[in-house]
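2 protein chains.
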Amino acid sequence: MSFLKVYALILAGGEGIRFGGDVPKQFLDLNGRMVFEWAIDSFEVSDKVDEIFLIINSKYKHLAEEILKSGRYRKLRGFSIGGETRQDSVRIGLGLIEDDEGVVLIHDGVRPFVPLEDINRLVEELKDKKAVVLASPAKETMAIAFSSLIPVVESIPQRDKIFALQTPQGFRLSLIKEAHVKAWNEGFKGASDDCSLILRYFKDEKVYLISGSPYNIKITYPLDVEIARVLISKLRK
Amino acid sequence: MSFLKVYALILAGGEGIRFGGDVPKQFLDLNGRMVFEWAIDSFEVSDKVDEIFLIINSKYKHLAEEILKSGRYRKLRGFSIGGETRQDSVRIGLGLIEDDEGVVLIHDGVRPFVPLEDINRLVEELKDKKAVVLASPAKETMAIAFSSLIPVVESIPQRDKIFALQTPQGFRLSLIKEAHVKAWNEGFKGASDDCSLILRYFKDEKVYLISGSPYNIKITYPLDVEIARVLISKLRK
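Chains as they are written, first to last, in our numbering: chain A, 347 to 583; chain H, 347 to 583.
Only chain A is shown next, with the shape it has when bound in the complex:
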């Protein structure tokens, strides 16, 4: 039995506000290649992935044009400019994929090192599940706090029930597209990831977590760039 088509959507539309500095973190250089290019690489080399789409920050549109023209990525089919929020960018990206039957792997362009085997396991799980996400158990105790100048702890969930959600997050296209339509109709824009939308609009759908590598780091702070340089020397020889 042949399987549904698999699309990857790479998000490189962010402004990098939390990071500081002049260049959004997805465009920083890591050993001669930008962070988001490392991310594209991971999907290009997986034989489970058929097509790749890219969302890019408007100021860096020329980068997407150059990469597309260069032919370096055989699977890269197109790109679009990002929206105001992450959620907006995903919605725009889903609009590039003219298929409602396949699956999409939505991936942060600031995560350069998702292992090939994690991508492939995710696709495998999507054969009989509609929403599957790479995640890692929380290393630290996490608290939910009332935000204020000095936050006050509201509750501390049991640590072994807390997981950090990585990307890619994988979905049946029909489901995630419908979730974004519902959010659009409601005027809801604040989702920090895509499974939040599934939980918000589809009480009966399950979002499954499978174990992701600790190497699949998200580059957020300047320190993370240093860490990424250490990882490169270990991961890609």
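Worth double-checking, as some hints may not be accurate.
One copy or any two copies: either way a pair holds, since identical chains are not told apart in the list.
Using 25 Å as the maximum straight-line C-alpha spacing, the simulated SDA-like pairs for lysine to any residue come out as follows [what the hints assert, rightly or not]:
| id | residue 1 | residue 2 |
| --- | --- | --- |
| 1 | K507 | D434 |
| 2 | K421 | E397 |
| 3 | K485 | K535 |
| 4 | K507 | W530 |
| 5 | K535 | R467 |
| 6 | K580 | L569 |
| 7 | K549 | L495 |
| 8 | K549 | V571 |
| 9 | K476 | G536 |
| 10 | K405 | R379 |
| 11 | K523 | V498 |
| 12 | K507 | E471 |
| 13 | K552 | I490 |
| 14 | K535 | T566 |
| 15 | K475 | V498 |
| 16 | K535 | V391 |
| 17 | K552 | S494 |
| 18 | K523 | E500 |
| 19 | K485 | I496 |
| 20 | K475 | F492 |
| 21 | K552 | D506 |
| 22 | K421 | S520 |
| 23 | K475 | L519 |
| 24 | K507 | G533 |
| 25 | K475 | I490 |
| 26 | K473 | L495 |
| 27 | K473 | I496 |
| 28 | K475 | L495 |
| 29 | K476 | G441 |
Think of the hints as simulated: they come from the structure by calculation, not from any bench.
Since the structure of chain A is already known, use the hints to place chain H on it.
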């Protein structure tokens, strides 16, 4: 006005189960000094800290004896063997401190790089608060999930309300000692940190979060040791 006495309690009693390998992570070498010694250093150099106590893994008792005898740490007053759980070890450690009026900073021996200024700010806040913890905003979306072979997401708290709790966690001694007595009486042993106990037993006490450095990492996975080596070259020249 003179301030209450400040004690540091360093926890190096763990078995390092999550880490793998033969040596618990607090005893790994980082540039000629063990991880937990880096941790002790941070409190030794703070002029806000008066005395230091240490909890150690029974197999490594000789290390504590050697360090104490060496006189290298002027403030180190004593040590004890750890208990079965982290919570047990803290309870034992609090028993070493014969003072109910001062404050205690409880610190994981696997966090080698808590900055001096973070320790000092924490002590400052403890002048008018009974429970204060260093914390950093969650970088990733966190999910609460039903644990099982393939966990299913139960809820996703709003990201800007979630904080990773670091250590040291600072408390008035009278409060944290009473919390541990209550836990002992209840037979509750599962606290992954100490503010969980405050929340559990003192509905009216507030636990405050102050911003901790991203460099205050917890060494959990082998990768973290590599990261720690990068940090040393940046932090301690």
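**Message:** Flag every earlier hint the structure violates by its number, smallest first.
**Reply:** Violated hints (numbers, rising): 5, 8, 16; every other hint is consistent with the structure.
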